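Asks: Respectively, the protein sequence lines represent chains A and B. Each step along the first sequence adds one to the number in my numbering, with nothing skipped, and position 441 is 441. When you read off a place in the second sequence, starting at 1, and then add 538, the result is the number in my numbering.
Note that these hints are calculated values from the structure, not bench results. Remember, it's a predicted structure, so these values are computed and weren't measured experimentally.
A few chain A residues that face chain B, going by a derived Cβ cut-off under 7 Å, partial list only:
(1) MET1
(2) MET4
(3) GLU207
(4) GLU213
(5) ARG385
(6) GLY386
(7) GLY421
In the EDC-like style, the derived pairs of lysine to aspartate or glutamate whose C-alpha atoms are separated by at most 20 Å in a straight line are:
(8) LYS553/B <-> ASP418/A
(9) LYS363/A <-> ASP375/A
(10) LYS19/A <-> ASP913/B
(11) LYS553/B <-> ASP375/A
(12) LYS972/B <-> GLU905/B
(13) LYS901/B <-> ASP166/A
(14) LYS139/A <-> GLU152/A
For each residue, glycine too, the CB sits at the ideal point set by N, CA and C.
2 protein chains.
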Amino acid sequence: MREMLVKHILERSVKFFPKKEMVSRDFSGTFRYTYKDFYDRVCQLANVLEDLGIKRGDRVASLAWNSHRHLELYFAVPCMGAVLHTLNPRLSPEHSSYIINHAEDKVIFIDEDLLPLVEGLKDRIGTVKNFVVMTDTDKIPETKLSPIYSYESLLSKASPQYIFPDDLDENSLAALCYTSGTTGMPKGCIHTHRSIYLHSYVAGLPETTGVTEKDTYMHIVPMFHALGWIIPYLATWIGAKQVFTGPHPDNRDLCQLIQDEKVTFSMAVPTVWRGILNLLETERFDLSSLRMVINGGSPPPLSLIEAYEKMGIPYVHGFGLTDTHAWVTVNMPRKYMEEEWSEEQRRAHMLRQGMVVRGLDWKVVDETGKEIKWDGKEMGELLLRGPWVPEAYYKDPERSAETYKDGWLHTGDVVTVDEDGYIEIKDRVKDVVKSGGEWISSLDLENTIMNHPAVLEACVIGIPHPKWEERPLAYVTLKPGFKGKTTKEDIIGFLKTKMVKWWVPDDVVFVDEIPKTSVGKLDKRTLREIAAKKHEGK
Amino acid sequence: MREMLVKHILERSVKFFPKKEMVSRDFSGTFRYTYKDFYDRVCQLANVLEDLGIKRGDRVASLAWNSHRHLELYFAVPCMGAVLHTLNPRLSPEHSSYIINHAEDKVIFIDEDLLPLVEGLKDRIGTVKNFVVMTDTDKIPETKLSPIYSYESLLSKASPQYIFPDDLDENSLAALCYTSGTTGMPKGCIHTHRSIYLHSYVAGLPETTGVTEKDTYMHIVPMFHALGWIIPYLATWIGAKQVFTGPHPDNRDLCQLIQDEKVTFSMAVPTVWRGILNLLETERFDLSSLRMVINGGSPPPLSLIEAYEKMGIPYVHGFGLTDTHAWVTVNMPRKYMEEEWSEEQRRAHMLRQGMVVRGLDWKVVDETGKEIKWDGKEMGELLLRGPWVPEAYYKDPERSAETYKDGWLHTGDVVTVDEDGYIEIKDRVKDVVKSGGEWISSLDLENTIMNHPAVLEACVIGIPHPKWEERPLAYVTLKPGFKGKTTKEDIIGFLKTKMVKWWVPDDVVFVDEIPKTSVGKLDKRTLREIAAKKHEGK
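Turn these sequences into a full structure, and let the hints steer you where they fit.
Replies: Okay, here's the thing in C-alpha cells:
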C-alpha cells in the first residue's frame, strides 16, 4: 500500500481545486491568488531550495507570520523531502539560537519585519548558509545578514515545473516544531509525513471541526505554533478558501477580514476572541458568516462562550499539545446531552476540554500508574499515544526518556474525567499539591481564592509537610482598598465555605506582587524557592 | 508511532460509548444490547476462537446476514490476529468451495438458515475443521455438518476477559473479501488493519458521509459485501447507534426499523430505495428521521433521487469497489454548484459518480496511458492507488499482474471526467467499442436505443472491423406490439438524431431475447461469440 506523504495533500488540492482562492493580508495590501498559482509557486520554491543546495533531510527554517508564502514553505519543503522548521519570533535569542543550532538549519526564510531578530543571532548560528527575506516585492531591505536573497526575486526566476519525489518513507521527518517549555531549552517535536497526513484527517472529522471545501478558513493561530494546529494542511487538502492574517493583525483587521472574505470558521486563543468581542462593543462588523469558532491554547471563561452563542456562533472548546500535533480533545456535545440536559448543565460542561479525538489512545493514571475513576473528581496525569504521536523528541534522548515512557507520552497535565469521558485539566503535575496521597489542584484553589472580593491575584504551591507529604500554601495580593484590612483568617474562613476541609491551605502569605515568568505565567518555581528559604530560616 | 489496528477501534468504542445501543432484527424477534455487552461478547468470542484452535493469521469464515453476531466476528477475529473471511451466500457452490479452499478457512460461522448451503459443500472443503451455527438460542438445528457448535452456547461458557494483542503489524491481513467476478473464479481482496483503519476515517469524513455519534445507522448493505462498505467499523468507532436488518428483510421490515429506531442514515443499492418508495405508495411510515441516504452498487435513475428529495431526504450517489474497500467516489456538490447552478444543472450532475474520496490517488488514461481531457466527453480507464489500496489479490500472482500494474489498480471502468473533476462511469473496458482510436460507450448507446418507443431491451457489442478496428453492433428486442413493424432503419434513423454519426451502429439485429448472466446482467460474452460465428459463416 502507498505511503502517506504531504505531496499527496498538495497534489489532490491542485487537481480538484485549481480555481479556489487564497487571500493574504500582506505587508502592503491584500494579495489574492488561486490554488493553481499557489501550486506553481510551490514548485518554483522547490527549485529555489534545490538551487540553494537543500537536499533530502536538510532542515529549512521559517520565521514568518501567517501568509501565503509561509504556506508555500509548508508544502515545498517537506514535499521535496526536506524538513520545515518553524521558528517562533517570540522566543528569546538564547532559545532561538539554541534551536537553530540544534536543528542544524541550513537556510532561514524571514518575513521582512523580523530581519532584526535574525541579525541579532547571526554570529551564533553557524549552520545557516543562506538567508531569504520575504517581502511583497523583489527588493532586499538593508540588512547585516549575508548571503541574503529576495524570495520573490528567486521565485520569479525559477521554473514552475517540479516533480516531487514519490519514494519518501512516510515515517521520514517532514517538520520540526520546538515547544517553548518553561523549564530548560525548547524540545523538538517530530512531525513525519505520516503524522501530518493522519492528523489532517483527524482535525477535519465531523466531530472535530467538520470543515469542507465550502468553508472559508481564516488562519489566526500562528503558523509558527504547532504547525498552525495542522489546519494549513487540512484546509489545503479539502480545497477550502483560505485567509491569511499577515503580520501583527489587530482586532479590527480580523473583523474586517471575516466580514470582507465571509470567513466561516477560525480558531484562536481566548484572548483573541475576547478582543474581537470588545471591539464589537464600539464598532459594527458583520460576522454572521462564521458558522463556528474553536478556542484553544487555554480554557475560555463561560462568559466568552455565552457571548458568542448569543451572536449565534457556536464556540467550541478544544485542547492540544505540540507533542501530539495540536489536537488532543474537542468538546462537542453528545446526542443525549443535547436531548436531555438542561441549558445550565450543558453550559457548565462546555468548560471541560472534551473528548480525546478519534485515533488517540489515552489513559489517566495516579502516581502508582493505576487508572483513575471517571467521576469528575479523582485526578491523574493524562497519558497519550497513537499512530501519529512520536515516541521521542528530536535528538534529545535524555529528555525524551523523561516524557516518553513505555510507549506513552506523559503530558504532565493533571486532569479529571467525568462519567461521559470528558476530561478537564486541573493542573500541571509539577504544580499539583500532593497531600496525604490525594491530589489538590493548585489551579482550582487559585480560582476559588480569586473569587474572594478582596483578592486581586493568588498563587498556590505545595510545601513539604512531615505528615501529609505536601500541604498547600497560598500567596495572595489584595486589591488596593483591602490592604491591611483583609486577614489570613478571612481568606481561610471564606475557603472553608467553598471546599472540603483538607483542600484549604494551612497558611496564606500576603505579597505586593506575585512573581511571573517571561510569558506572564505565575512563577511557581521562584515561589517554591522563596518558601524553601523561609522554611530553612525557621 | 503506534500501529493502526482494528482493536483500537473496538477499544475506543467501549471506552467512550458503553451505554450506546445496538439493535438486531433477529431470527425470532428484536434483540438489543449495549456497546459494553457487545464488547464483552467480542472478548468471549475471542476466547472461543482460541479454544477452537484459531491462531494468528488463520482464516475464519462467516456466512451470515447483518446482525450483532456478525459484527462480533468483524471485531473478534481481526483483533485477536486472525483473518475474517466473509462468504457471500449468493455465490454458486463452485465459487464458494473454491474460495473456502483458496482462503484455507479453518472454521465457518453460519447463520441458521444458511446451513443447507454449507451442507452442500461439506465434502469439498477439507481445510474447515469446525462449524459454528448462529441461532438465537443455544440449540443446534439438525444438520449433516460435524463437528458443529452453537454460537450462543460457546459464548455463554467463555470468559469475557481477553487481552487483544498489541504487537500486530498494521500491514497484516485482517479480512478477506472475494469479488464475485463475472469471469473466472472470484479474486481475494486484501484488507489489512491499516486499510480498515484508514478507510474508516475516509468513510466518515464530512464530505463523504459526515456520520457522528448522533447518527443511528441501519446496516442494509450486506455485511458479506465489501465489509458492508466499511461502515460496521466506522459506526462502532464513532459510537453511533446501530440497527442490523437481519435475515431477508423486506421493504416493510426496513421501513418499520427506520420508523421504530429513528434511523438517520443508511446506504443501499437503488433497488432497495426503489422498493421502499413503492411500499410508501400504499402504506404509511414515518421516515422523517432520515437525514441522508447513500446510493451505491449501481447508478440511480434521476426519478429516484427526485422522489427522495421530495420527501426532504438528500439522496447521495456514491461508487465503490471491493478492491479499494468500497469507497471510490461520492457526489457531493461544491460550494459554487450550490450557489450558482440552476436546479436543472445540479440535478443532471447528481447522476455522475462524483469526486474521488480524499486519500485516493487517481488518473484516467487512454489506451496509450495518456491522461484524458476533463471535458465530460473523452473516455478512459480509471486507475487508483492509495494508502489503503492493496497492490495484489490474495495468493493470485497471475491475476494480480493483470489488474495491478506500476502500482496502480486498473479498475476496468471506463469513465469521463467533467471540468469539475467529477467522474461518470461509461462502460467497462472489455465492453467499450474501440472505433478508429476513439471509444464509444456501449452503455450510452444501449440507453439511447432504449429511449425508442418500440424497444424493450438493447445490448451493444463491438465487432471487428478492417478499417475502424471495431464498430458497434446492436442487439434489440422489441416490445410485443412492435415486432415485425419496427425496422433496422427506424432504429438507426432515430439514433442519428440523438448522437454523432460515428457512434451510430452500422447494424441492428432483432432477437427474441438477450442472453443474461447468472446475476441478470447482459451477457455480452455470449453475444460476442454468436457474432463471431456469424462473421465466420459469412
